[in-house]
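Trainee: Kindly produce the complete structure, drawing on both the sequences and the hints.
Residue numbers (numbering that gives the first Met the number 0), protein chains in the order written: chain A, 0 to 303; chain B, 0 to 336; chain C, 0 to 587.
To give a feel for the contact side, a few chain C residues facing chain B, derived at Cβ under 8 Å: (1) LEU65; (2) GLY68; (3) ARG227; (4) ALA228; (5) SER233; (6) GLY257; (7) ASP465.
Computed cross-link-like contacts, EDC-like style, restricted to lysine to aspartate or glutamate with a CA-CA straight-line distance of at most 16 Å: (8) C:LYS568 <-> C:GLU295; (9) C:LYS293 <-> B:GLU178; (10) B:LYS201 <-> C:GLU271; (11) C:LYS411 <-> C:GLU445; (12) C:LYS393 <-> C:GLU445; (13) C:LYS539 <-> C:ASP485.
Honestly, the hints are just simulated from the structure, not real lab data. Beta carbons are placed, not taken as given, at the ideal position from N, Cα and C, and that holds for glycine.
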Amino acid sequence: MAEQTYQDAPLHEHRSLWMDVWLAFRNHTGALVGVAVFAFIVLAVLLGPFLHGIDPQYLDIQARNAPVSWSHPLGTDNLGRDMLAQMLAGGRISLAVGFTAMLLSLVLGTGVGVLAGYFKRLDGLLMRSTDLFLALPLLPLLLVIIMLFRDTLRAALGPETGIFLLIVFVIGITSWMQTARIVRGEVLAIKEREFVTAARSIGTRERRIVARHVLPNVMSPIMVSATLGIANAIITESALSFLGLGFPPDFPTWGRLLFDGANFISITPARVIWPGLAISLTVLSVNYIGDGLRDALDPRLRGT
Amino acid sequence: MIRYITRRLLFAVPTLIAISFAIFALLDLAPSDPTGQLPLTIPPETRAQIRESLGLDEAFPIRYAKWMEQFFVNEPLNLIERAFDVEIGDSDSRTRVISYATRSPVVDIIAERMPQTLWVVGLSYVVGILIALPIGIVSAYRQYSWFDQVGTFVSMVGFSVPTFFTGLVAIILFSVMLEWLPSIYDTTHRVTDLASFWVQIKQIIMPVMVLAFYNAAQLSRFMRSSVLDNLNLDYVRTARAKGMRERAVLLVHVLRNSMIPVVTMIALGIPTIFGGAIITEQIFRVNGLGQLLIVAIQGADIPMVQTLTFLFAVLIVGFNLIADVLYGILDPRIRYD
Amino acid sequence: MTSMHRPRKTLAMPYNRVVTITLTAAMVAGCGPDEIVEEFVVPEPVENRHVNILYWQAVSTMNPYLSGGTKEIEAASLVLEPLANYDDSGAMVPVLAAEIPTRENGGVADDMLSITWRLKQDVVWADGTPFTARDVVFTGEYCLHEEVGCSADASFTDVDGFEALDDHTVRVTFSVAKPVPYGPFVGAVTPIIQAEQFKDCTGLRAPECTTENFGPIGTGPFKVDEFRANDVISFSANERYREPGKPWMKTVTLKGGGDAASSARAVLETGEYDYAWNLQVEPEILEQMLAAGKGEIVMGFGTNVERLVINQTNADSSLGPERRSLLLDGTNPHPFLSDPQVRRALSLAIDRQLLVEAGYGRTGRVTCNIVPAPPVYASTANEGCREPDPEEAKRLLDEAGWVPGADGVRAKDGVRLSILYQTSTNSVRQGTQALIKQMWQQIGVETELRNIDGGVFFGGDPASPDTYQKFYADVEMYTSNFQGTDPEFYMAAWVCEEAPGPDNQWLGTNMSRGCSAEFDALVEELAVTPYGEQRFATAKRMNDIVVQNHFLIPLIWRASTSARAKSLKGVRMNPWDSELWNIEDWHR
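Mentor: This is how it looks when you write it as structure tokens:
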């Protein structure tokens, strides 16, 4: 079994394992394109504001609903805000929120799923709390969380960081259940497979079995959850802002730009095309990177 | 298996009671108010009186106990009475769960909303599954073929573009520009003959497709990854080596073994059908359960939200149990006892 | 019964003749046929006599006393009628009453303690039974019953009792002198319900009468065929309606749900609906939809004013709940908004015309008054606000010692002019917020924006920190108006002692917590000043005090705005009463 080899491998061979993975990953065209596109998006939102110096919140009253021009490469919105500047500023927040919230929900979901699937004693309790979370109506839950914590966080960390943490927490805490259910289902099947029984029979400790044998085999649904989770987090953030539960209203994010632009679709289509494209491209590139990683990590495929 | 199911069902009772309590407490804590949407010309004293007439000034445990009695005792009795046309006890003095907004029994409104929700959301779910499964299987089987690439692209775009946007684009295209389809769903429309059936098809096609597109996107990704995982396993190689036909290998062995995450997804999804599709229902004015829930939440209509979400919780618990049972059937190695 | 029908038949004949005569006369005069149709009902054989109405907030009940929402009141106005209502010019017109009682015709007592309504003869309910004074008395008592939680309560303020003098005369007595006694039974808020139908639905039983509340029997032009709560209502013409030949429409569908922009689209672009209510959408979207040529905008300017409320108390979050945003007899002033120079500067910096152009277009106008209408009550003393003057604003701030710091934000003694500005969630409002933020930035004032879900903001839950009464912010913005055409109660809400706080369960109505002894005295004076020049002058003076102190900064006078299909004629927007007030005259 390939898994056994990792376990007993000395440290320097570990490096060559990652070398193997990298070599396999490098041959995956989709993944490389994904990395390139993703890197481009990240660089653009990080460095773009230095090249395109317009303040995303500045209202150019004379140029409302302006078409594409040199001064406004993507046009402006109905209050005269530069779309490119908003896209760049919004991207920073959306990517940050998307990734952190996705990671939080993934860690929670995978953790609960693996524990519930593997340890029968925990299954009932954990899965019933999953049911509880699935059943709670989201909107009142958000209203309560915001009511209880917004002012405290705003006072302690300032309006932006405070609300960022709050949003990430809210999205993470309300979106892990699906991952947990899926992972648990897979774990239930995997723990009865031969290699797990074998590992158990030679006295491997439970923690090691979970980490070395179970977890790597549920990677693909986790990867899919991760890609879908980013899209979900970006869109949920926009819904939160719209309800007045998120960032201040003049704070652009991709989801919010898309939401605000929707009614202007036939006047300034750029307002929906660009944010929509940015979200889709991010999700697509992450998806391809995930595909590449999955293939590269699968020892049965790596050799071929 | 039977023992497992019985145990789970018994365990469901305290779970559901805990869930109902958690929902009630949450709604009670939430800052919205049933008089929040009235015009500002209505003075605060009147608002206080309205709140009082709704029973909101009573203590939390009393209101919770009242709801419990109304929902678990009075409403079922009422249903039985109506179904068998009998009278049990003093049915006139039994209070029902009354909505704050409409001042009418919550259960009746839910029953009124059920048809359109099942038509639109239910159908979209079926269509979504019918699209997603073949796409997922074929794109896994022919990984990195053009079919897979297009499928991946479309489903990723489908998932990352929210329904408020696809719905709007569909309306502008098919209702405004082409004038083919109505943008507003008529809930009073009754299917009596072929012509009225055609009208019904025309009015559900947009909401159903918009929702199906979104659901299919998600489901097909899980299907694809799961089939991919299985295609490389030893048993597939063995089956092929034994000279099994490719179709049989794929559809019998691989498919069955790849269904676990997909079954989870579908089982999680079916309760959401009854939760309605809030955004899509709003856009096309389907006014089903999703719209009912969101209007009730916005208007702090606690009895309505409580009843809807509780029914929803019952479905979640039920379908998760069904999923667990299906796991055992799909993979006999999974043991619960 | 037959005797009741006969006069109507004889009436119908000359009516038709008048139409024909006028038609010929009009053609000779060279008028277009369209204008004739505007004036008179000319039925043609093959016509669409069904009208589709769209309300983006769905109607939850047909009993306006159980839900005071605008949508419920307006839907009910198709079926239920008051004694008198307001027409589109704001004038009172009799509906079920034979005439409007005044002091001249003896309807209003000289001591202003009672009003006597004479009812129209021969009015029948849709079920054929006669409408009498008993129904009016019943309606009043229904609403005043303590356990109902009647939402039209405010219309019955200070009412002592109702008395049916005979079958067609009702007297309403008041406990204090009422210079304007037109609260009860005037306007769509307080229509008459049938005593016979609701007799077992009083008090605690009121909400349980689902059949009655969803299908009230009325005297109005339509009756309810099917009611689906929060979804759709089907109406058909009331064949016993008292005006012959009306309503022109045979059936009405009133559908609810969705949002304002898509309602506008359904009338203006797809043409699926004939009328869409309350379209608060950005002007360019509306203009672009109008370009499709299928419909038109109808609007009327009532008393809706979008305003800024300036907090006069300290809203700092570091203060505990026992101090934050509380008046405490003036011992808790706002660190900088209590400075009149700062408030004046904030108002001067705002370019209201720009706010109108960006967010409202032709559905809004600049206003410098908090009471912009009716004309007799509109002050002319504040017109200076129409021209923004940021230079003057800066000068005022300099003069008061607020000087720009290193970050461009003005400060004095360590206090920075940094404002938390909240409003409810609504894309037009968020646009206005962003514009005002930039205008204030130019005079060295920093602004943080916050938007709160409307259900929470206007909800008034005392436990929530985000309600407009709590006002845990420095500035807030919303629209308010008053019922009918007299601002007495509206303005009485801003007296000093009405400042919200725990002692009044946060139910106070003086949101700015601004206090003026002169204003408080004028409120008492207005309450006993009879309708006339003196009353107008007092009300204007009160408006000026509030506006010139900048406790409230009026921004935009907003029209009630709806859309109608081009084929639908006879729609007259009425900002003073139900928009659907003249639906019996709608035709094609």
